[in-house]
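Colleague: Read off the chains here:
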Amino acid sequence: MKRNWWKFLCAAFLFFTLIFGLKTPVAPGILLNCNSIIPAYSAPFKLEILGYNTRFLQQKNSFRAWLINWDKNKPVHICANSFSVKDDTHAELSFQPVSVLDSMFFDLAVYNDADGKLYMDHAIYSTDTIRGGMDPMCNVTIKNEKQDHFAFPFRTVLYESIRNLFFHVPMWFSMIALLSWALWNNLVFLRKFDMKNDQRANTAITTAVTFGVLGLITGSIWARITWLEWWGDDVKLNGTAITMLAYLAYLVLRNAIDDEQKRARVTAIYSIFAYVMMIVLIGVLPRLQGTDSLHPGNGGNPGFNQYDLDNTLRPVFYIAVAGWIMLGFWIYSLKLRIQNIKLHHNSQ
Amino acid sequence: MKKFLSLLLIIVFASSLNAQPAQTLDEKLFQSLHGHASLNAVIVVMSIILAGIFITLWRIERKVSRLEKDIQKDNK
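Listed in order, the protein sequences are those of chains A and L. For the first sequence, our numbering gives the first residue as 1, with consecutive numbering after it. For the second sequence, our numbering gives the first residue as 1, with consecutive numbering after it.
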């Protein structure tokens with residue numbers, strides 16, 4: 001019982017991940033439900049907005065909307081002169097003709113007391129460059145920047161699938177943890193030539209391959225709904241595919257050599273090379289400037305730290321990673337014990 | 001000159017902006033593919049992971065039962 005405490009911790013962590021990863025709502029956000037090009041400012045124009053998890057109707061009294069134009073790096077607010085709220089997720093904003101400012105891009109902000117300030121970068125842009133019209137300035141005072149409840153960040157493209165962070169990403173963490181354990185055992189084996197280490201490394205690699213395959217399949221599903229393709233042109237994708245092939249080759253190589261000592265030595269050296277290649281292909285190459293990768297933290301994409309400034313994903317993510325790694329080692333230990341019993345039984 | 005430059009800018013930007021799907025939105029398409037429907041991806045991903053774990057368990061179980069049989073045979 002004392003030795004198994006981490007298995008209980010693993011189960012608790014995974015339960016936590018499931019419950020909080022799925023129950024926590026995604027933060028409210030806004031999208032434009034109409035053409036984003038405003039052809040001319042000579043006439044009043046309307047913007048139709050679509051809210052996501054918003055409460056426009058419930059918070060009608062505190063509802064406010066305004067456009068932001070960065071005129072000479074200073075924000076100029078242009079308030080909607082009237083709006084009609086249809087339901088909690090639909091609203092129509094009317095704007096008076098305004099003078100066109102320094103930038104032709106306008107950010108859109110919508111506020112109510114419950115949802116906080118909802119922001120959309122470069123929501124509309126004008127094709128009119130005539131200066132003139134009425135003074136667009138208006139003062140906006142808001143009570144709270146954020147929504148009034150705990151929520152995961154709202155991201156266009158991702159939406160609810162942001163929760164896959166707790167299921168797809170930890171697969172790779174488990175794989176790398178198991179492969180690192182295998183690497184350590186390979187190194188120890190090459191010093192001491194103890195078959196116990198070889199057994200451990202081999203079992204860790206077979207378990208890691210399972211997690212890698214799961215990571216590839218789940219990543220493909222996620223890519224289908226976000227990047228709209230099963231297999232994108234992404235350095236990280238191709239890097240992981242090569243890594244998986246390298247480790248599958250390890251398994252083939254193991255079956256190809258009959259002599260036990262020889263097999264252990266050759267595969268130990270091979271798997272050290274495979275590990276170094278994995279680190280380069282997954283950890284180094286995608287991070288280089290100029291590479292084209294859609295994964296966060298790679299190829300000029302914003303890193304994970306910039307991705308979720310609100311830190312709401314972090315606690316669940318770290319616990320998920322710990323839970324899945326422990327599950328990986330649990331499966332590994334079961335396989336290893338079976339191997340040991342088999343060896344013991346055969347030698348009798 | 002300023003007018004000409006801004007016109008040039010507009011042409012350059014307009015062509016790139018039109019390609020962005022977030023700018024204009026077909027609400028029906030949005031409701032069926034993205035938004036709350038993107039939760040389906042999470043469900044599929046979780047099912048695949050569970051299936052993977054079950055397959056692993058199944059393979060472990062097969063190994064154990066084979067071992068049990070071997071040990072029983074040798075005991076006899």
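No lab work stands behind these hints: they were computed from the structure. It cannot be assumed that every hint is accurate.
Said to hold, decoys possible - To give a feel for the contact side, a few chain A residues facing chain L, derived at Cβ under 7 angstroms:
1. Asn73
2. Thr210
3. Leu216
4. Ile331
For every residue, glycine included, the Cβ atom is placed at its ideal position computed from N, Cα and C.
Colleague: Less than 7 angstroms between beta-carbons is the criterion; does Thr210 of chain A satisfy it with respect to chain L?
Modeller: holds, 6 angstroms
Colleague: Can we keep the Ile331 of chain A interface hint, with Cβ of chain L closer than 7 angstroms?
Modeller: holds, 6 angstroms
Colleague: Would the stated hint for Leu216 of chain A survive a check requiring a Cβ distance to chain L of less than 7 angstroms?
Modeller: violated, 10 angstroms
Colleague: Hint check: is the beta carbon of Asn73 of chain A less than 7 angstroms from a beta carbon of chain L?
Modeller: violated, 17 angstroms
Figure legend: structure checked against the earlier numbered hints; hints not met, in rising order: 1, 3.
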